[in-house]
Amino acid sequence: MTLTPTLTHWGPFLVEAVDGRVVDVHPHPADPDPSPLGRGLVASSECRVGRPSIRRSWLVDGPGAATELRGREPFVEVSWDRALDLVAVELARVRDGHGHRAVYGASYGWGSAGRFHQPSNQTYRFLRMYGGYTDGRGTYSGSAAETIVPYLFGMPYSRAIGAQTSWSQIVANTDTIVSFGSLRLNNAQVTFGGQGPHHTRRWLDEARARGITFVNVGPLADDQPDDLDSRWLPARPGTDVALMAGLIHTLTVEGLADHGFLDRYCVGWPRLWAYLSGSTDGCPKSASWAAGITGLDENEISALAGLMASGRTLVNLSLSV
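Quick note: the sequence shown uses my numbering, first residue 175, plus one each step.
Hints are computed from structural coordinates only; laboratory data are not their basis.
Please note: incorrect hints may appear among the correct ones.
Across the chosen pairs, the derived CB separations fall in these ranges [what the hints assert, rightly or not]:
1) T487 x L326: 16 to 26 Å
2) V216 x P444: 55 to 65 Å
3) L326 x V261: 37 to 47 Å
No residue lacks a Cβ here, since even glycine has one placed at the ideal position from N, Cα and C.
Construct all of the structure, not just a fragment, from the sequences and the given hints.
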């Protein structure tokens, strides 16, 4: 038996192999809360694509053949040498007939952990040496954040992500954590490029032991672990911003807003308040207004605003917000 350490997008593991075949996967001793996704490494050895495969009509009759059969006809396995020859011919055909901009080379690169083994890095390097290609911009998971974050925080999205408050500071200095759908433990199990040991559960336990109050805003009660004893506010999906508007309105009209902070650090507050107060459209974005949209009780929204103002509060957001 051989135990080999490996790093995946969902954490480090020890892979057990017999005669080069994966038979079991064990948690890495350095990981205090290993992800169950590691077990998938055993199944993946059985179901992953073993060698290059090409749609039968394309292989027999060339590019564009029998497109009506896409998704219905079988794929045929070929050798790596033949696959490379076919790709070379096809790249040359597209380049000569349509130019380098017709070669679409965007790749997410989630195939393997680590920087060198990312498929995207190798694809980009090869196609740039080949003469150029058309790339993609953004991702299906973070494009909205990449677009709007610079307007909210005055910095690029990547910098904002890197400037997040550490768990040690949160545990030491926070009274209340209001989370908009972003404390699911399985969301903390995976990191692009490779996930190290999982510490989120330990930090949540330390936060709870210190007496931090957790509030779970969203339609899913299990977005936070049961042992946090969090307060669940099941706002209707897609109404997060309405709730935020109702909270800001309540904090302001009840004299709980820090206007010195707003004046010094926040650009656009007068314009935002003109909207929230209703002076621009005649509709105050009050707790009552927010209740009608979110499905929450008006008093519950007002109470949350009071709780957030009564101590040091951290607002936690998921990328979907």
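Do the hints match the structure? See the list:
Taken as a hint, the range 16 to 26 Å holds for the pair T487 and L326, whose Cβ atoms sit roughly 18 Å apart. Distance hint check for V216 and P444: the Cβ-Cβ separation is about 59 Å, which falls inside the suggested range of 55 to 65 Å. Between L326 and V261 the beta carbon distance is about 43 Å. The supplied range of 37 to 47 Å therefore holds.
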